[in-house]
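Q: All chains should be modelled from the sequences, with the hints used to inform the complete structure.
Chain residues, written in single-letter form:
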Amino acid sequence: MSASRAAVRRVLTDPGGAVGVVLSAAMVALALLAPAIAPVDPFAAVGAPLSPPGRVHLLGTDDLGRDLLAGVVHGARTSLLVVAAVTLLSGALGIAVGAAAGYRPGAVDDLLMRLAELAQVVPRFFLAVIVIALFGPGLDRLVLVLGLTSWPTLARVVRAQILSLRRQEFVEAARALGASGPRVILRHVLPHALPAALVVLSLNGAAVILLEAGLAFIGLGDPHAMSWGYLASNAQRFLRVAWWMACFPGAAIAGAILGLNLLGDALSELASPQLARASGSGGRGTAAAA
Amino acid sequence: MTARYLLWRLAQVAPAVVGIALIVFVVIHTAPGDPIIAIAGEHGDAAHYARQRAKFGLDRPLPERLAAYLARLAQGDLGFSYVHGRPVLGVITERLPATLLLMSTALALSSAGGVLLGVLAARRAGGGTDLGLRAVALLGQATPPFWLAQVAALGLAVGTGLFPVQGLSSARHGFTGWRYALDVVHHLVLPALVLTAGELALTTRLVRGGVVEALASDYVRTARAKGLPDPAVVRHALGNALLPVVTIIGGRLGMLCTGAVLVEAVFAWPGVGQLLLSSIQTRDAPVLLGLFMLVSVAVILGNVVTDLAYAWLDPRVRYE
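So the protein lines, in turn, are chains X and L.
Numbering-wise (my numbering), the first sequence opens with residue 1 and increments by one.
Numbering-wise (my numbering), the second sequence opens with residue 291 and increments by one.
Heads up, some of the hints might be wrong.
[What the hints assert, rightly or not] One side only, chain L facing chain X, incomplete, derived with CB under 8 Å: (1) Ala301; (2) Ala321; (3) Val448; (4) Thr450; (5) Gly451; (6) Leu552.
[Unchecked claim] Simulated restraints, written as ranges between beta carbons of each label pair: (7) Phe465(L) / Asp109(X): 29 to 35 Å; (8) Glu332(L) / Asp140(X): 41 to 47 Å; (9) Thr512(L) / Leu33(X): 57 to 63 Å; (10) Gly136(X) / Ala293(L): 33 to 39 Å.
[Claimed, not checked] Which residues of chain X face chain L? A few of them, derived with a C-beta cut under 10 Å, are: (11) Gly16; (12) Ala18; (13) Ile130; (14) Ala133; (15) Leu134; (16) Leu139; (17) Ala176; (18) Leu262.
Hints are computed from structural coordinates only; laboratory data are not their basis.
Heads up, the beta-carbon is just placed ideally off N, CA and C, and yes, glycines get one too.
A: Below you can see the structure in the form of C-alpha cells.
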C-alpha cells in the first residue's frame, strides 16, 4: 500500500504529471456532471443561431441554435464512454493474452505473439471506417474495433513481466505453497506490471479519443451521441463567421489528449524498467501504432 | 545484418497480408445484408452482380469463397467499383500521387525539423529552450490534425489570403510547367505543415530523449575528456540517438495515413483521403475495402523496412 502511495505522490509532484491528473480529472468530471452543467439537450435548438459566447450561452450556439456548452460536455460523455469501454476490453484481452503467452512458452506463446503482431499492424482508423460503412454507425462497433486492435502492447508488457518474475523466489514460494497458476499471476506477478500497464492504457486512451473524434469528423460518428469530432466538422462551414464553433470542441479534444499523454509520461518514469523489458522482446512496444 | 535475418523478416510479410485479408473477409461476411454489396458496391445492375458473384464464388461454400477471394487478391484484384465503373486498384492508384506528395513532404520536414529541435533542446536539458520546446511538442502532439487544419485555414488562408484555402492547384489559371509546380507547392504549404506538426512534436521528443541519454553515457564523457569541442561531441552522440527516429517512421505510417485523410478533408486535397470521403458518401464499399487493404500492406512493408534499416544501422541488433 505504501509503495502505491509513494507512486501517487511521485506522479503528483511531477509538474507534468500534476497537470495530466488535473486535465484527466476535469474530463471525467465534465462527463459525469454533464446533465448538471448543461441541462439542455445538446441536439435541441435553444437559442438564436450562431450567437457568440455570452451570458445565456457560455460557449455560444451553432448554426441551428444548439447550445455549444451542452455539446461540449455531452461530447465529453461520449469520448469518456468510448475510452472507458475500449480500455476495459483491451485491458482484459491484453492481460489474458499476455498471461497465457508468458505462462505457456512454446507453441501457445508463439501463436499469441504472432496474433499480437497482426493486431498491431491493423490500421485502426481504416478498419473502423470499413466496419462502420458496412455495419452502419454506432458506438458499440467502434468500441469493438478499437478494443480488439488495442491490446497487443499491454499483452507484451504483461508477458514480459511474467517471463522476468517467473523464476523469482517469491513466485516459486507462492507456487510451492500450492497457489494455482492464475492465482500466482493475479496476486504476485500482475501487481508489478501495474505502472507499465497504466502507461500503455493512458497513452492508448489518448489515441482512442483522437480516433473517435476523427471518425466523427468525417461523418462516421454515432448520430445519436454528441461528439467533439461532430461539433468540429459542423464548424467547418462556419469558420469565417463563428470561430467559437471550431475553437471549443477542438480545445476540449486537445485538453483531454494532453491530459492523458502527460499522465502516461509521468507514470512511465515509474515504470521504465518494465517498459524497457517489454520493448526488448521481438517487436517494438511503441504505444503509438495506428 | 545477416542474410538469414533478411529472409526471415521478409517471410513474415505474406502471413501478415493474409491475416489482413482474413479480417476483410470476416467483415464482409458478418456485415448485415448480402455480401455482394460489400464486394460489388451498391447501385449495381443484375448482370454486374451476377458477374461479381461468379468471380468471387459467392454461390460456393465459405472455404471456397475464401480461396477465391485470396486468389483474386494475389492477382492484385481489389474488386470493381460500380460507382467509378473501373477496377478499385486503378481508382486508388490514380489518387495516390497527391497523397504521397503530402505525406512525404510531412515526413521529410518532421524528420529534419525534429532532429534539429531535439538536439537544440537536449544541448541544455532543463534550460529555457528545452522547457519551451517540450511544452510546444506536448501541445503539438495533443492537437487533433483536423482542428489544427481549421485554425491554419482560418488564420493563414481565409484571414490573410497568403495561401489558397483548398485544392491542389488553381485550375482557372491553367498553369503549365514550372508555374504549375510553384502553384502546387503554394497549395501544399498549409496541408503539409499541419500534417508535419504532430509528427514533428513526436520526433523532437524522441530525439531529445535519445541525445540526453547519449550525452550522459561513458563514451561521450571520454570524448569530452579528450577535449573534443561541443559540436563534435553532440555529433558523436547523435548517431546513437537517431536510431529510434528511424523506427518510429515505420511504426507511425498508419497514423500518418489517418492524419492525411483528415487534413485532406479540411483542405480538399484531391488524394486518397478525399476518395475515402466520397466513397463513404456514395457507399462505395469496394473502394473502402481496397483502401483498408492498401494502407495495411503499406504499414506491414513500412515495419519490415524499418526493422531491416534498424538491423543495418545498429550492428548490436541480433534477432533470434
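Q: Hint by hint, note whether the structure agrees.
A: Hints, verified against the model:
| no. | hint | in the structure |
| --- | --- | --- |
| 1 | Ala301 | 12 Å, violated |
| 2 | Ala321 | 4 Å, holds |
| 3 | Val448 | 6 Å, holds |
| 4 | Thr450 | 13 Å, violated |
| 5 | Gly451 | 12 Å, violated |
| 6 | Leu552 | 5 Å, holds |
| 7 | Phe465(L) / Asp109(X): 29 to 35 Å | 59 Å, violated |
| 8 | Glu332(L) / Asp140(X): 41 to 47 Å | 24 Å, violated |
| 9 | Thr512(L) / Leu33(X): 57 to 63 Å | 58 Å, holds |
| 10 | Gly136(X) / Ala293(L): 33 to 39 Å | 50 Å, violated |
| 11 | Gly16 | 8 Å, holds |
| 12 | Ala18 | 14 Å, violated |
| 13 | Ile130 | 5 Å, holds |
| 14 | Ala133 | 5 Å, holds |
| 15 | Leu134 | 4 Å, holds |
| 16 | Leu139 | 17 Å, violated |
| 17 | Ala176 | 31 Å, violated |
| 18 | Leu262 | 7 Å, holds |
Going through the hint list in order, the structure does not satisfy hints 1, 4, 5, 7, 8, 10, 12, 16 and 17.
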